[in-house]
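**Student:** The chain contents come next:
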Amino acid sequence: MTNNLLEIRDLHKRYGTVEVLKGVDCTMRQGEVISIIGSSGSGKTTMLRCINMLEEFQGGTISIDGQEIGYEMVNGVRRRKREKDIARQRALTGMAFQQFNLFPHMTAAGNVALGLVKVKKMSRDEAKAIAEKWLDRVGLLSRKDHYPGQLSGGQQQRVAIARAIAMNPKLMLFDEVTSALDPELVNEVLQVIKGLAEDGMSMLLVTHEMRFAYEVSSRVIFMNQGRIGEEGNPREMFLKPKTERLTDFLKTSSFN
Amino acid sequence: MDFAFLDQLWLARLPLIKGLGVSISISFLSIAVGTLLGIFVGLALTYGYKPVQWLVRGYTDFIRGTPVLVLVLASYYVLSTVGIELGPFQAGILALAVFCSSHVGELVRGALQSIPKGQTEAAKAIGLTFSQTFAYVLGPQALRQALPAWVNTAAEMVKASTLLSIIGVAELLLRTQELISRTFMSLEFYFFAGFLYFVINYSIERFGRYVERKTAVPS
Chain A
2 MTNNLLEIRD LHKRYGTVEV LKGVDCTMRQ GEVISIIGSS GSGKTTMLRC INMLEEFQGG
62 TISIDGQEIG YEMVNGVRRR KREKDIARQR ALTGMAFQQF NLFPHMTAAG NVALGLVKVK
122 KMSRDEAKAI AEKWLDRVGL LSRKDHYPGQ LSGGQQQRVA IARAIAMNPK LMLFDEVTSA
182 LDPELVNEVL QVIKGLAEDG MSMLLVTHEM RFAYEVSSRV IFMNQGRIGE EGNPREMFLK
242 PKTERLTDFL KTSSFN
Chain B
5 MDFAFLDQLW LARLPLIKGL GVSISISFLS IAVGTLLGIF VGLALTYGYK PVQWLVRGYT
65 DFIRGTPVLV LVLASYYVLS TVGIELGPFQ AGILALAVFC SSHVGELVRG ALQSIPKGQT
125 EAAKAIGLTF SQTFAYVLGP QALRQALPAW VNTAAEMVKA STLLSIIGVA ELLLRTQELI
185 SRTFMSLEFY FFAGFLYFVI NYSIERFGRY VERKTAVPS
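Chains as they are written, first to last, in my numbering: chain A, 2 to 257; chain B, 5 to 223.
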């Protein structure tokens, strides 16, 4: 048995005939903060999306807390799990998206409470209390009755993070959460993520914010053409890259 | 001033009220049944397995390509040849509801497809099942999206209800025509009937606006 929070073994993912993940192995312990960097098309977002089955994958296994995600072997045949089981497994992880994806017809508090009521089966009052607690945590309690259309991009993203984290996931996935934000709004979101890291939340971040990745991560993974190109602690990775690929990538990135 | 029209109107008040009632019932029933059916049509068009999609696509294209009058006549005269005996009222409602369902189906499909994919993904990511995602995330957004066009369709159904006069349903238009053949006041009674139809459709439109306002999302 293993006490790894996340275990990815030989992950393969194809879109038609194009193989975007060509055998990724990765393990992650409880409380780790791992940043995934790499140029666009290197497979980093796809890898993240496989972890909560927003993408199907054709080979390899992903386990969270010892539970195999998405697929099961039945009489030696790999089969997609039932939709209901997949939905339940998705609740093991929380995800924040580049485009926020808040539900526009619900208030900030409504967005956060929805999963608590419908998935966690909490009472409305209970869910409301937890929603308010997390909105407070991301600094938006005063905006709890606002609709997404009434919030700035940074505020929307903070609500989206609160919505994910309120579900009490074992692992948070952040998919380029600051890429769609105006530069002056990036920081407020990064501060929230940083706070979560300090609380010991296990997080996997796909990011282009190299400075932030350097500061917040316990480990950095560099993805290159569907494989892990290099990984290590942030100091080694950013200051003494071993591979030429990473060296080149860092030159073109914002880290300096 | 000639009060002959008002006299005749007063004399004919009962048949007219009955006709109006029948027209409203036809419209209401065909819109209600058609909308309910149409939601399933829209769901099948959007989320159905491929063969189901083709089948339903064929249904909507066929129905939408057929004049409503033909549907009404077919429903009344053709169904009886295959042993389904419907009265003119039922046959008419069936035809209008089928017509309505194909239109509502398209509205629902369009509305659902206009919702960004990220909405479904975000719903999945917090662990909602498909039916929960539809009920709490996609459905409410699609409803708002489809509402204005749905009001249009509903008004069309009210107008189409006049076609049932052809198969002898004593709705408002048929009652009016009977009245005119007795009184020869065609101008007055056609205008009066037109006014009543306007009132029905105007009410539907006001109702639609009201719901739109009630469900509007602040931004």
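Calculated directly from the structure, the hints in this document are not laboratory data.
Just so you know, even glycine gets a beta-carbon here, dropped at the ideal spot from N, CA and C.
Misleading hints may appear alongside valid ones.
Only part of the chain A face toward chain B is listed, based on derived beta-carbon distances under 8 Å [as the list claims (entries may be wrong)]: (1) 27; (2) 32; (3) 35; (4) 53; (5) 89; (6) 140; (7) 142; (8) 144; (9) 165; (10) 166.
Here are some chain A residues pointing at chain B (derived, C-beta under 10 Å) [as the list claims (entries may be wrong)]: (11) 50; (12) 91; (13) 101; (14) 145; (15) 148; (16) 198; (17) 202.
**Student:** Look at each hint and say if it fits the structure.
**Tutor:** Going down the list of hints, with the structure as the test:
Violation of the interface hint for residue 27/A is found here, the shortest Cβ-Cβ separation to chain B being roughly 20 Å, above the 8 Å cut-off. Among the interface hints, the one on residue 32/A is violated; its C-beta lies about 22 Å from the nearest C-beta in chain B, farther than the 8 Å criterion. Hint on residue 35/A is violated. Least Cβ distance to chain B is approximately 19 Å, over the 8 Å limit. Given hint, residue 53/A at the interface with chain B, holds; its Cβ is 6 Å from that chain's nearest Cβ, closer than 8 Å.
The restraint placing residue 89/A at the interface with chain B holds, with a minimum CB-CB distance near 7 Å, inside the 8 Å limit. Because the closest C-beta pair between residue 140/A and chain B is about 21 Å apart, greater than 8 Å, the hint is violated. With a cut of 8 Å, the hint placing residue 142/A at the interface with chain B is violated, because the nearest CB-to-CB distance is about 18 Å. Violation of the interface hint for residue 144/A is found here, the shortest Cβ-Cβ separation to chain B being roughly 12 Å, above the 8 Å cut-off.
With 8 Å as the threshold, the beta carbon of residue 165/A comes within range of chain B, its nearest partner Cβ sitting at about 7 Å, so the hint holds. Look at residue 166/A: its Cβ only gets to about 11 Å from chain B, farther than 8 Å, so that hint breaks. Contact between residue 50/A and chain B, as hinted, is supported at the beta carbon level, the nearest pair being about 8 Å apart and thus within 10 Å. Because the smallest distance between the Cβ of residue 91/A and any Cβ of chain B comes to about 5 Å, under 10 Å, the interface hint for this residue holds.
Nearest Cβ of chain B to the Cβ of residue 101/A: about 8 Å, under the 10 Å cut. The hint holds. Because the closest C-beta pair between residue 145/A and chain B is about 14 Å apart, greater than 10 Å, the hint is violated. Nearest Cβ of chain B to the Cβ of residue 148/A: about 5 Å, under the 10 Å cut. The hint holds. This hint is violated: residue 198/A has a C-beta 20 Å from the nearest C-beta of chain B, more than the 10 Å allowed.
With a least beta-carbon distance of about 16 Å to chain B, the hint placing residue 202/A at the interface is violated under the 10 Å criterion.
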